[in-house]
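S.K.: Protein chains in written order, with our numbering: chain A, 1 to 275; chain B, 1 to 275; chain C, 1 to 275; chain D, 1 to 275.
Careful, some of the hints might be misleading.
The list treats identical chains as one, so a pair stands whether inside a single copy or across any two.
To be verified - Straight-line alpha carbon distances no greater than 20 Å define the calculated PhoX-like cross-link-like pairs of lysine-lysine that follow:
| # | residue 1 | residue 2 |
| --- | --- | --- |
| 1 | Lys202 | Lys54 |
| 2 | Lys149 | Lys36 |
| 3 | Lys202 | Lys36 |
| 4 | Lys202 | Lys149 |
| 5 | Lys54 | Lys36 |
| 6 | Lys54 | Lys149 |
Hints were generated in silico from the structure; no laboratory data involved.
There are 4 protein chains.
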Amino acid sequence: MEDVQNRPDTRGIALDAVGISQLRYPVSVAARDRGKQETVADFTLTADLPDTVKGTHLSRFVQLVHEYAGDLSVAALTRMAQDLTERLDSTYAQVETQFPFFVERAAPVTGATSLLECQARLTATARRTCVDAVIGVSVPVTSVCPCSKAISDYGAHNQRGRIAIDARLSSVEEQSAGALRADELIELAERCASSPVYPLLKRPDERFVTMAAHDNPVFVEDMVRNGARALLEDSRISAFRIQATNDESIHNHMAFARVEWPRPGAVSSGAGELQ
Amino acid sequence: MEDVQNRPDTRGIALDAVGISQLRYPVSVAARDRGKQETVADFTLTADLPDTVKGTHLSRFVQLVHEYAGDLSVAALTRMAQDLTERLDSTYAQVETQFPFFVERAAPVTGATSLLECQARLTATARRTCVDAVIGVSVPVTSVCPCSKAISDYGAHNQRGRIAIDARLSSVEEQSAGALRADELIELAERCASSPVYPLLKRPDERFVTMAAHDNPVFVEDMVRNGARALLEDSRISAFRIQATNDESIHNHMAFARVEWPRPGAVSSGAGELQ
Amino acid sequence: MEDVQNRPDTRGIALDAVGISQLRYPVSVAARDRGKQETVADFTLTADLPDTVKGTHLSRFVQLVHEYAGDLSVAALTRMAQDLTERLDSTYAQVETQFPFFVERAAPVTGATSLLECQARLTATARRTCVDAVIGVSVPVTSVCPCSKAISDYGAHNQRGRIAIDARLSSVEEQSAGALRADELIELAERCASSPVYPLLKRPDERFVTMAAHDNPVFVEDMVRNGARALLEDSRISAFRIQATNDESIHNHMAFARVEWPRPGAVSSGAGELQ
Amino acid sequence: MEDVQNRPDTRGIALDAVGISQLRYPVSVAARDRGKQETVADFTLTADLPDTVKGTHLSRFVQLVHEYAGDLSVAALTRMAQDLTERLDSTYAQVETQFPFFVERAAPVTGATSLLECQARLTATARRTCVDAVIGVSVPVTSVCPCSKAISDYGAHNQRGRIAIDARLSSVEEQSAGALRADELIELAERCASSPVYPLLKRPDERFVTMAAHDNPVFVEDMVRNGARALLEDSRISAFRIQATNDESIHNHMAFARVEWPRPGAVSSGAGELQ
Chain A
1 MEDVQNRPDT
11 RGIALDAVGI
21 SQLRYPVSVA
31 ARDRGKQETV
41 ADFTLTADLP
51 DTVKGTHLSR
61 FVQLVHEYAG
71 DLSVAALTRM
81 AQDLTERLDS
91 TYAQVETQFP
101 FFVERAAPVT
111 GATSLLECQA
121 RLTATARRTC
131 VDAVIGVSVP
141 VTSVCPCSKA
151 ISDYGAHNQR
161 GRIAIDARLS
171 SVEEQSAGAL
181 RADELIELAE
191 RCASSPVYPL
201 LKRPDERFVT
211 MAAHDNPVFV
221 EDMVRNGARA
231 LLEDSRISAF
241 RIQATNDESI
251 HNHMAFARVE
261 WPRPGAVSSG
271 AGELQ
Chain B
1 MEDVQNRPDT
11 RGIALDAVGI
21 SQLRYPVSVA
31 ARDRGKQETV
41 ADFTLTADLP
51 DTVKGTHLSR
61 FVQLVHEYAG
71 DLSVAALTRM
81 AQDLTERLDS
91 TYAQVETQFP
101 FFVERAAPVT
111 GATSLLECQA
121 RLTATARRTC
131 VDAVIGVSVP
141 VTSVCPCSKA
151 ISDYGAHNQR
161 GRIAIDARLS
171 SVEEQSAGAL
181 RADELIELAE
191 RCASSPVYPL
201 LKRPDERFVT
211 MAAHDNPVFV
221 EDMVRNGARA
231 LLEDSRISAF
241 RIQATNDESI
251 HNHMAFARVE
261 WPRPGAVSSG
271 AGELQ
Chain C
1 MEDVQNRPDT
11 RGIALDAVGI
21 SQLRYPVSVA
31 ARDRGKQETV
41 ADFTLTADLP
51 DTVKGTHLSR
61 FVQLVHEYAG
71 DLSVAALTRM
81 AQDLTERLDS
91 TYAQVETQFP
101 FFVERAAPVT
111 GATSLLECQA
121 RLTATARRTC
131 VDAVIGVSVP
141 VTSVCPCSKA
151 ISDYGAHNQR
161 GRIAIDARLS
171 SVEEQSAGAL
181 RADELIELAE
191 RCASSPVYPL
201 LKRPDERFVT
211 MAAHDNPVFV
221 EDMVRNGARA
231 LLEDSRISAF
241 RIQATNDESI
251 HNHMAFARVE
261 WPRPGAVSSG
271 AGELQ
Chain D
1 MEDVQNRPDT
11 RGIALDAVGI
21 SQLRYPVSVA
31 ARDRGKQETV
41 ADFTLTADLP
51 DTVKGTHLSR
61 FVQLVHEYAG
71 DLSVAALTRM
81 AQDLTERLDS
91 TYAQVETQFP
101 FFVERAAPVT
111 GATSLLECQA
121 RLTATARRTC
131 VDAVIGVSVP
141 VTSVCPCSKA
151 ISDYGAHNQR
161 GRIAIDARLS
171 SVEEQSAGAL
181 RADELIELAE
191 RCASSPVYPL
201 LKRPDERFVT
211 MAAHDNPVFV
221 EDMVRNGARA
231 LLEDSRISAF
241 RIQATNDESI
251 HNHMAFARVE
261 WPRPGAVSSG
271 AGELQ
């Protein structure tokens, strides 16, 4: 049976990325407060392709996900990306995965517990001589508008928002005690906002959250600056991007702010910048 | 060339609906305050199919959209549905279309104008002896929580929400002066909430909207009841459904309320119920 | 602290459904071939509200999901719906949940195994004197167009499609051996198409699937009729809806067909019709 | 009334991008074959913010869209971005807009005409001393798998796919005769695939498209290489990214390939790279 993918190609175009996306698979991921967490992940896997070859073998990408889905972590994803370069004899491979990630939250007054859905992302990139890994989260929060509060005699518009953080790890190897985890980034994000959100709030909790948020108004600009200050102080992180998005309650569009470090245009080794 | 669709079928299953969906087309629709409105509509067209025929001819559905897209209205959609039954020799046909619909809004203090995106829907259904038509809208609004306001010393959580109304017309024919229009349903929806939303608000407007909303707190239950009261009084409407959905700012899920009239389980001729 | 929701209401509008939607929670569901399956479910819960009361207590809906998420099944969902009517003293409650559901598939020639993502739905409705339950699935399949094959000298357009089945159970109680399961509906759907789809196919498998599908061309009309015939013969099912949707490869829109049994307009007790 | 946004900030974090997103507005855009095209655009506008200022004034972003929406083009978008830097006194501003863009297509045998929905994107970026502009399109196509065709005795799996091209203009100024237009990029994309797709095909057209596509099988890799070859030869383009995505008909995931020029890691002035 002919291997059509292995036919030579003469167009002279090497491809940056060939692969699969939107492959959803049940996975088990490491989580701090509940041991392992079973969830459903969306995978994108890519590798480069030299200009001399017609196509890549996509079934190998699916096979890789099937093999690794049972125990997902930064370390496992890094091995996946390295494994992919070896199986395909490519110089570059990237494995990205995104999944709902749940954290337990206790209501601030009654202590009633429930599970809050955040989104988590893991990305590992392997090149001939190096690997790197990025942990990301998207966290729902609530924000009260400082302008609306200051200029009004009473009330203040507020809304649900999301804080997204992507953090590149300083060292991929050091994935033991003290390693950066999605749980930590989620808590960091929650501290940047007017208040965390909770699935389950009784009336005394609702009263508490309403007033606590009103006491702590923030713009999207404030949320990313609060987050950036905390991320800059964490030596486990070599680069980051933080973005806050507000579902403005008085508009039908979004407000957002974003900062990356190092800055997108900064002179750097290239290894420090987020994609 | 064989007409495969016309082959006989022996499985004995008549089909309720065969057709196309997600066909997007540029359309021109009637609008009150800006004459005609150019927008992009998503079409779903269906017809029934007798048990004796293998398939329908879907190119005729596309042809119909191409012919009618230039002048869309309730009357035109009704003709489309009747036309479809004739071209396919079917006993039932339905044409549904949904599109962004923009209304001009002036900021409440400065009067600065901008265009607010709502969604509008038109559905026409033709049977052998009757046609009917439904106009629908989805309208972004803001709502302040009455519970949060009452139990807190200051502040109150509020959020963006949406009110969706679908109204069946008492008379399809009477599409002249005084006919029900999407613009009217949008304004009706806005009056049910704590405040309308606006794309463009200057600071004096933001102050006004913040306080006006705080003065008028509503649950999702209140919004649908306010709307239902107004809809019940409009003799041009023979049946309706109204639903309010809040993007709760203190949660990561939605709150919603819905009411239909006549009630879903009510004894009726069948012609009065919404699908 | 005032219970604002318990305030009386004088607008005279009883509400059909008040509740929460888009609450996502990690769940464990019964599955045939892999014991229990851990996945992430999207919940919608509603109850009716009498015209005399201002609002419902939505935290009770979240509490219910938190309590039941660990062991989800038709029987559990039915109890949830009944429990909800009791906690809220309502006459009607409905619990709907939808989640990715994975089935193991072996490639047809090499036997390489992988997990196929389908969607499953469970809906339970409780009224004063009865409960009912619906199991639903959405299944990706491939279909070859019979018309394209018949009128062309070679080739035939084909595409990914989805078959969605919702089946009301004849008896909610009999949830023991022989009960209807999502796995069965998925296999039924796969048999209606030109071929199942597989996450992982080696070249001998791809050859097999290509030719098997070409040998078995089906329209969307054929897929729903094939499914309807099988569903009609299953005494565990009292009502069903089946819909097939094709992502047409030669168009930029969808083709679809749908049939319900009993027919939507049929005279019935009301209990037999799907919503 | 206090201008809260103008308060000083001491956290020392300059922000890369502050702005609004998901603002939808009716727009009129230049189009080759139908003069002007009325459509609905989704806008994202951002500007940087110095570390010394608390917030930006988002109403100015909305005001800008309101002013420019009536006549959208590359030249207009470039002026918008420059205008935004001046109104906000910022060093950087970017205006991105995406909208459905329709092109008329004649069926290949019968000549029946219909309008095909593509997506188009325009992005303009203004810095102190330079502006640049990117035109992008996403185009639905059909692709027949070369491997499936070669290894099977008959048939070949095929599917709908999308080709996305983003092209940076060599010169923003030269927006006169001979300027690059979205229409051209759409036609370029269609020539890379096994066949274009059409909303409206009669049976003789369907026969033609089926066989033409079968005669011209392409992988996602082939589609991007075909496109890259054509884009490299166009002197109006200084940088590009092309990506092809297939909704694989035998799988439930996507296959894709991508290439950028200059390569993402290439040494360059920075001005040549796409974001």
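S.K.: For each hint, tell me whether it holds in the structure or not.
M.R.: Now the hints, each set against the structure:
1. With identical chains, the CA atoms of lysine 202 and lysine 54 are at most 20 Å apart between copies only, with a shortest distance of 18 Å across copies and 61 Å within one.
2. Proximity of lysine 149 and lysine 36 under a CA criterion of 20 Å is satisfied in neither setting, with 42 Å inside one chain copy and 40 Å between copies.
3. In this homomeric assembly, lysine 202 and lysine 36 never come within 20 Å of each other (Cα to Cα): the closest approach is 29 Å inside a single copy and 32 Å across copies.
4. Taking the closest pair of Cα atoms, lysine 202 and lysine 149 come within 20 Å of each other only across two copies (14 Å); inside a single copy the shortest separation is 25 Å, beyond that limit.
5. For the identical chains of this complex, lysine 54 and lysine 36 are neighbours neither inside a copy (41 Å) nor across copies (41 Å), given an alpha-carbon limit of 20 Å.
6. In this assembly of identical chains, the alpha carbons of lysine 54 and lysine 149 lie at most 20 Å apart only when taken from different copies (15 Å versus 61 Å within one copy).
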